[in-house]
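In order, the protein sequence lines correspond to chains B and R. The opening position of the first sequence corresponds to residue 106 in the numbering used here, with each subsequent residue numbered one higher. The opening position of the second sequence corresponds to residue 23 in the numbering used here, with each subsequent residue numbered one higher.
What the hints contain is simulated information worked out from the structure, not anything from laboratory work. The C-beta atom is built at its ideal place from N, Cα and C for all residues, glycine as well. Hints are supplied without guarantee of correctness; some may be wrong.
Here are some of the chain B residues that sit facing chain R, going by a computed Cβ distance under 8 Å [stated by the list, open to error]:
1) Trp403
2) Leu406
3) Thr410
4) Val423
5) Ser438
6) Arg439
7) Gly483
Which chain B residues stay away from chain R? Per the calculated CB distances, all over 12 Å, these [as the list claims (entries may be wrong)]:
8) Asp429
9) Pro441
10) Glu463
11) Asp482
12) Lys525
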Amino acid sequence: MTPAPFRWTSRRTPPTIGNGARGVLVGRLLAQHPALGEHHGTLLPNSSMGPSGITCRTFSPDLKCRAWSEARRTVRETAERSRGALTQVHRRVADTPSLAERLERWVGAPVESLTPGVARAEFEKLAPPRTGHQPIRFGFVGTMDKASGLHLLLDAFEGLEGKAELCLFGSGDDRLYLRTVRARVQEVGARWFGALPNGDPVRAMEHIDVLVVPALWNQPVPQAVREAQAARRPVVIADLPELAAQVRDGQNGLRFEAGSSESLREVMQGFAREADLLRRLELGIQPPRDIAEEAGEWADLYAITLAEHREGMEDEVVPPHLEDLAAQYQDLSRLPTRDLFARVARGLTGLATRMGVELDASKALARAVAAGGHNRDGRVAYLRLERWLEENATALQEGREQVAQESARLDEQRRSLADKARSLQGEARGRDAERLELGGRLEQLEAERDEARAEIRQMEEDFQVERAVWMARQDEWVREGRVLREHVARLATRLLTPIEEGAPQSGPLDGPGALKVADSLHAALKRMQEEMAWRRMEMAKAKSAASGFFSRLIGGEAKAVMKHWDEIPTPLREEPAVAEEGAPRAFRTMEPESNPSNAIEHTQEEMESRL
Amino acid sequence: MNPRVSIIQHVHADRGILMGNLDAACQELDARGADDELILVDDSGATDLEAWVGEHFPQVRVLHKNRQEGRGKAHLMGAQAAEGDFLLLLGAQMRLRRGALGPMIAAMQGPNLFAVAPRCMNGATGEVELPGPVTVEQGRPVVLPSPLAPDEQHLRPVPFAGGHAFFVRREAFLSCAGFDDLFPAPYWDDVDLGLTAWRQGLRILEVPQAIVERHGPENAGREMPAELDRAAIERGRLLLYWKHLDDRAAAADHLQGLWRDAADAALGDRREELLWLALALEEVEAAGKARSRTGSTPVRLDQALQMSNPARI
Numbered sequence: 106m107t108p109a110p111f112r113w114t115s116r117r118t119p120p121t122i123g124n125g126a127r128g129v130l131v132g133r134l135l136a137q138h139p140a141l142g143e144h145h146g147t148l149l150p151n152s153s154m155g156p157s158g159i160t161c162r163t164f165s166p167d168l169k170c171r172a173w174s175e176a177r178r179t180v181r182e183t184a185e186r187s188r189g190a191l192t193q194v195h196r197r198v199a200d201t202p203s204l205a206e207r208l209e210r211w212v213g214a215p216v217e218s219l220t221p222g223v224a225r226a227e228f229e230k231l232a233p234p235r236t237g238h239q240p241i242r243f244g245f246v247g248t249m250d251k252a253s254g255l256h257l258l259l260d261a262f263e264g265l266e267g268k269a270e271l272c273l274f275g276s277g278d279d280r281l282y283l284r285t286v287r288a289r290v291q292e293v294g295a296r297w298f299g300a301l302p303n304g305d306p307v308r309a310m311e312h313i314d315v316l317v318v319p320a321l322w323n324q325p326v327p328q329a330v331r332e333a334q335a336a337r338r339p340v341v342i343a344d345l346p347e348l349a350a351q352v353r354d355g356q357n358g359l360r361f362e363a364g365s366s367e368s369l370r371e372v373m374q375g376f377a378r379e380a381d382l383l384r385r386l387e388l389g390i391q392p393p394r395d396i397a398e399e400a401g402e403w404a405d406l407y408a409i410t411l412a413e414h415r416e417g418m419e420d421e422v423v424p425p426h427l428e429d430l431a432a433q434y435q436d437l438s439r440l441p442t443r444d445l446f447a448r449v450a451r452g453l454t455g456l457a458t459r460m461g462v463e464l465d466a467s468k469a470l471a472r473a474v475a476a477g478g479h480n481r482d483g484r485v486a487y488l489r490l491e492r493w494l495e496e497n498a499t500a501l502q503e504g505r506e507q508v509a510q511e512s513a514r515l516d517e518q519r520r521s522l523a524d525k526a527r528s529l530q531g532e533a534r535g536r537d538a539e540r541l542e543l544g545g546r547l548e549q550l551e552a553e554r555d556e557a558r559a560e561i562r563q564m565e566e567d568f569q570v571e572r573a574v575w576m577a578r579q580d581e582w583v584r585e586g587r588v589l590r591e592h593v594a595r596l597a598t599r600l601l602t603p604i605e606e607g608a609p610q611s612g613p614l615d616g617p618g619a620l621k622v623a624d625s626l627h628a629a630l631k632r633m634q635e636e637m638a639w640r641r642m643e644m645a646k647a648k649s650a651a652s653g654f655f656s657r658l659i660g661g662e663a664k665a666v667m668k669h670w671d672e673i674p675t676p677l678r679e680e681p682a683v684a685e686e687g688a689p690r691a692f693r694t695m696e697p698e699s700n701p702s703n704a705i706e707h708t709q710e711e712m713e714s715r716l
Numbered sequence: 023m024n025p026r027v028s029i030i031q032h033v034h035a036d037r038g039i040l041m042g043n044l045d046a047a048c049q050e051l052d053a054r055g056a057d058d059e060l061i062l063v064d065d066s067g068a069t070d071l072e073a074w075v076g077e078h079f080p081q082v083r084v085l086h087k088n089r090q091e092g093r094g095k096a097h098l099m100g101a102q103a104a105e106g107d108f109l110l111l112l113g114a115q116m117r118l119r120r121g122a123l124g125p126m127i128a129a130m131q132g133p134n135l136f137a138v139a140p141r142c143m144n145g146a147t148g149e150v151e152l153p154g155p156v157t158v159e160q161g162r163p164v165v166l167p168s169p170l171a172p173d174e175q176h177l178r179p180v181p182f183a184g185g186h187a188f189f190v191r192r193e194a195f196l197s198c199a200g201f202d203d204l205f206p207a208p209y210w211d212d213v214d215l216g217l218t219a220w221r222q223g224l225r226i227l228e229v230p231q232a233i234v235e236r237h238g239p240e241n242a243g244r245e246m247p248a249e250l251d252r253a254a255i256e257r258g259r260l261l262l263y264w265k266h267l268d269d270r271a272a273a274a275d276h277l278q279g280l281w282r283d284a285a286d287a288a289l290g291d292r293r294e295e296l297l298w299l300a301l302a303l304e305e306v307e308a309a310g311k312a313r314s315r316t317g318s319t320p321v322r323l324d325q326a327l328q329m330s331n332p333a334r335i
């Protein structure tokens, strides 16, 4: 069964507001039918799924309705926004001169053209197209949508006579179209490769001998055309203005009537008919520009744009006397690098002439290139260094080992010192703590010492007072003792002399009276002797106590006191005891509390208890 | 007899700094008590400067320029109007320190002296700006850092006196018409004048006892885009060398080196370097004429560079 041929009944129209508005309306209409998928505002008229009736009415130029006015306004506003955006940038660049011209008219501002390049080296590695008796391989590479015209290519291939293959690379988002096309691919016996793996166009070119571009709209030149030319594959292309400019018909490719599968089939048939056509067209192909060249041109454009932009900066004012220099600088800044270099080259030639130096420019440039850039100087220096390093490698290796050993030794030493330092730090911390503790204790002891000293001073003062009192009493006792001794002596002399001589001196004393007096005196004398013995014993006690702590306080004074007591003469004979009552004071027994010896003992006990 | 001194101060913009500069200069002249003069060359474009100066410093003469032409032209204008035996040329930021004139006048009594340079210090930081030797590295003149310590107190040869402060005989300055027009930006013009003097057998000394201070921003008077500033420096560097290059073999080497630099810059996409070179090459004719104006020079360039090295003595 022969399938119904695909036909394209509508071609892209000039970008007027009316055409744009129609496109908007059609797009909105088609969007109401989800089954159409990504329809891109177009439809194949004989498609069973298309709302063709509505389409025809929508495309009527006489349509006057609210939706039409809105669509026109939308198009106008969108165009204004786009134009406004494009006028605000510093530079506008298009792929081709004709596109640049069209855009320039539309934007109202200059648009430059910069031809894209191709990574030629990758394509130049490919084998040339197959010739001879092998079937010729036609190929399609690119986006698969209605505007691509792929259906036309399938139609043309279907009726082709002779041995030929058709390889299809690419994909698209118009699902309905893709489904239809894939069905047709199987019908006509083409090969479907799908999307290029990793976008690798080189692999696609391996499978084809002739690239076919059946586009239905005047698109900017597809990159696939340049890639095919880089791979020396002739191109069969629709005769739309943008596309046709890329191919010199009959020299490096062939053109056919856009939208006509018959015309395309006729052209394709030519390769089967004419054996050397492919070879001839291949020889006519000029390689496209390299991508590096394109990149250089972009870099120049950026540099120039930046330089121009800087000129416009208001905060950078050039002094009047430097305006000429600034203008010169700006003029030179605008030159692309190659023109700038050419200018420098001319200037250097002039300088050589002016200096009277004969220097051929081409030779000088050759020598300059041969000498390499300053990076080469660095490389040469590096190579010298490398050579020197190689020559001294052994010595350096030994040195390195020595350094490594020394380093290891120093590391070990460092570790040891670090350990020692840590240990010392620990010790120091311990000692610090101990020192702090001892310091605290010392302070406490010093406080106690100061307190004891104060107490001792107080006791010394108290003792001195008490001692003075006792010394005064002592002196009184001594004085009283002397008086008493003198009195006793006088009394004894007066009493005893008459007895010894047998006759009274001052009056008659006889009989019992005299005996009574003698007994009384004798008793008194005896009592005195007892008292003296007791006092000597007490003083001996005091003397022995003076050898202890108290002796420091008493010192020579105690001895002096005792010396007074030693001076008391011992009576030659016993005297009669005298009755206590009515006896002179010196003969009375002393009360314990008034006894100086007891007082000293009490004082000593008190002080010892306090200390 | 006490020689007359004309102080010529270039005025650019900042009036606060100017007030301080004029005050210091007037005090110095009053202290000398000689028949000196102070001339102000107004390069600021301000119309009321003369009245302002007349009010605050009536003894100061003001010369007004119709068009801003930079420091070099301003100093030449002042020199042409001056009457002193000696000129002290000061940039807009330079301030005289008390007692600076005496040592410079004394130093100028030495033989074969073209000019003396006072010691320049930063007024804010006290940092000394010592002039270093000039040498040629990879075909381009370079001013190296000074090898001397900041406390150096001896008179030393210097390759040039900075255009912002130097002391010169008026006749000598006028006979060479001041700074060369080849250098419109304030770079290399002073080096060129110094080298020209050395190559003619004259000397330039630095006098450490005479001190001038720099006040205000470093780039006062030469505010312009950084790229243009750098381009002016590099352009002037090449033109200076082309003006003074006096050895044929060195010229051939230099030219070959320039070819290499150009090719390297183009291949390495260093457009600025190409721009600098192109800017200088635009002035080859002017450099040739400047070279002719200098006339015969008894001292070779390499000798002049050697003799003017501050570390030589």
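Hint by hint, here is what the structure shows:
1. Trp403: Constraint on Trp403 of chain B not satisfied, violated at 12 Å.
2. Leu406: Cβ of Leu406 of chain B sits 12 Å from chain R, so the hint is violated.
3. Thr410: violated (13 Å)
4. Val423: Holds: closest Cβ of chain R sits about 5 Å from Val423 of chain B, inside 8 Å.
5. Ser438: holds (6 Å)
6. Arg439: Where the cut-off is 8 Å and the nearest Cβ of chain R is about 11 Å from Arg439 of chain B, the hint is violated.
7. Gly483: violated (12 Å)
8. Asp429: violated (8 Å)
9. Pro441: Per Cβ check, Pro441 of chain B is inside 12 Å of chain R; nearest 9 Å; violated.
10. Glu463: At roughly 8 Å from the nearest Cβ of chain R, Glu463 of chain B sits no farther out than 12 Å, so the non-interface label is violated.
11. Asp482: violated (10 Å)
12. Lys525: Given that every Cβ of chain R is farther than 12 Å from that of Lys525 of chain B, nearest at about 44 Å, it holds.
Figure legend: structure checked against the earlier numbered hints; hints not met, in rising order: 1, 2, 3, 6, 7, 8, 9, 10 and 11.
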